[in-house]
Amino acid sequence: GYLSFAGINGIARWVGTVIEDMLPVNIARTDDRVEVVQGFRFDIAQPDHPIVAGLPWDESQWTLCGYNRLTLKSGSVLVARYGEDPFIACGSYGTGRTAIFASDFAPHWGGDFVHWPHYAAFWRQMMHWLAGRS
Numbered sequence: 084g085y086l087s088f089a090g091i092n093g094i095a096r097w098v099g100t101v102i103e104d105m106l107p108v109n110i111a112r113t114d115d116r117v118e119v120v121q122g123f124r125f126d127i128a129q130p131d132h133p134i135v136a137g138l139p140w141d142e143s144q145w146t147l148c149g150y151n152r153l154t155l156k157s158g159s160v161l162v163a164r165y166g167e168d169p170f171i172a173c174g175s176y177g178t179g180r181t182a183i184f185a186s187d188f189a190p191h192w193g194g195d196f197v198h199w200p201h202y203a204a205f206w207r208q209m210m211h212w213l214a215g216r217s
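Our numbering applies: residue 84 is where the sequence shown begins, and numbers increase by one.
Please note: incorrect hints may appear among the correct ones.
Stated by the list, open to error - Calculated cross-link-like contacts (lysine to aspartate or glutamate; reagent style EDC-like; alpha-carbon spacing at most 16 Å):
1) LYS156 - GLU103
2) LYS156 - GLU142
3) LYS156 - ASP104
4) LYS156 - ASP168
Rather than coming from a laboratory, the hints here were simulated on the basis of the structure.
Since we're looking at a predicted model, the values are computed, not measured.
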């Protein structure tokens, strides 16, 4: 399902809960939103990771407009970053898998990324990885 991390003034209240324990990142205790009104693109750190592999990340000019600033937990895998911040990360919890995408999957922060022809394939690959199918 969808989860917002800290959000404005930390109102999502996931910090310090089992949800935060499950995630491959630490959640800020304060407002973690970063607005980038001019738009930005994240960088793929592990192009062979099943979540992002085989997608033409450089063939389109999509941009995003914001994200949640998080910190990577020890033992987690950094798949993509924006600057020094984890943007796509994954890990394990118990016998399952966990992953984050630090932005919005809707048009607000999602900008024109949501119109990228491979947008659905990206989410499908993430869901398949989470389900242990890749």
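So, going through the hints one by one against the coordinates:
1. Restraint check: the Cα-Cα separation between LYS156 and GLU103 comes to about 10 Å, which is no more than 16 Å; the hinted pair holds.
2. Between LYS156 and GLU142 the CA atoms are separated by roughly 31 Å; this puts the pair beyond 16 Å, and the hint is violated.
3. For the proposed pair LYS156 and ASP104, the alpha carbon gap of about 10 Å is at most 16 Å, so the pair holds.
4. A distance of roughly 12 Å separates the Cα atoms of LYS156 and ASP168; the hinted pair therefore holds under the 16 Å criterion.
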